[in-house]
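One-letter residues, chain by chain:
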Amino acid sequence: MRALMWMGAALALAVVATSCAADEKGSGCDLKVGDNVGAFPVVKAGGAEDGVKVGETLCYL
Amino acid sequence: MVFTRKIDDGLASLVKKLDAVVAENEEKKMFAFVNFVGEDAEALQKAAAEFGEKHEISNIALVVPKDHANGPKHYGIAAKTALVVALYSGKQVKALHALAEDQLSKKLIAAIVADTAKILVEEEEPKQDDQPDKEKKDRKKQAEKKEKKEA
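Line by line, the protein sequences give chains A and B.
Residue numbers for the first sequence follow the numbering used here, beginning at 509 and rising by one.
Residue numbers for the second sequence follow the numbering used here, beginning at 380 and rising by one.
There may be inaccurate statements among the hints.
If the Cβ cut is set under 7 Å, some of the chain B residues that face chain A in the computed set are [what the hints assert, rightly or not]: (1) LYS396; (2) VAL400; (3) ALA440; (4) SER468; (5) LYS470; (6) GLN471.
Calculated from the structure, these hints are not laboratory results.
Ideal Cβ placement from N, Cα and C applies to all residues, glycine included.
Could you build all of it, start to finish, from the sequences and the hints given here?
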């Protein structure tokens with residue numbers, strides 16, 4: 509009985525570990541927690557009224 | 380910072396919630412922007428603008444990256460990745476969610492919103508009450524010793 513309970517707990521942990529991996533790594537992105545984000549150019553399309561005009565190119569980082 | 384290939388109700392729900400979080404933390408200079416990625420830059424511009432107007436996004440910038448097909452190359456966003464949410468502070472990533480298509484659920488939206496706390500905590504100064512109080516510890520030790528002796 510005790511062995512079965514431990515096996516159940518181990519399986520539950522494995523399921524949690526798998527779902528975390530799918531969220532962060534499995535879907536494909538080189539960025540990882542702890543990495544520095546690098547700047548890149550974008551064109552404003554809408555949203556926040558932050559003084560940047562729609563169509564303007566800038567780096568938001 | 381969000382990258383998305385798909386515009387749907389799930390994205391709207393996430394961006395609206397993040398928009399509210401940014402508004403609540405305006406004083407802490409919290410900032411966010413959503414990158415719409417895909418093949419046709421002009422179509423993305425139009426879709427992003429429409430998305431902003433339809434969902435009244437007023438605190439988050441909606442943009443199309445120059446590398447619009449997959450986002451900036453150094454981020455390595457795979458073609459199969461539908462949504463990336465990177466929460467960063469001081470340019471360092473503190474939390475990351477990279478999802479395939481149709482993985483965005485209510486539960487994950489809640490988790491992403493909860494993760495925004497990770498980039499706010501560092502800006503708060505530690506309270507004095509949180510500092511270890513040596514006197515309190517000493518008194519507790521003495522009381523424990525006394526109890527042991529009496530027992």
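Now for the hints, and whether the structure bears them out:
no.: 1; hint: LYS396; result: 15 Å, violated
no.: 2; hint: VAL400; result: 13 Å, violated
no.: 3; hint: ALA440; result: 5 Å, holds
no.: 4; hint: SER468; result: 10 Å, violated
no.: 5; hint: LYS470; result: 5 Å, holds
no.: 6; hint: GLN471; result: 6 Å, holds
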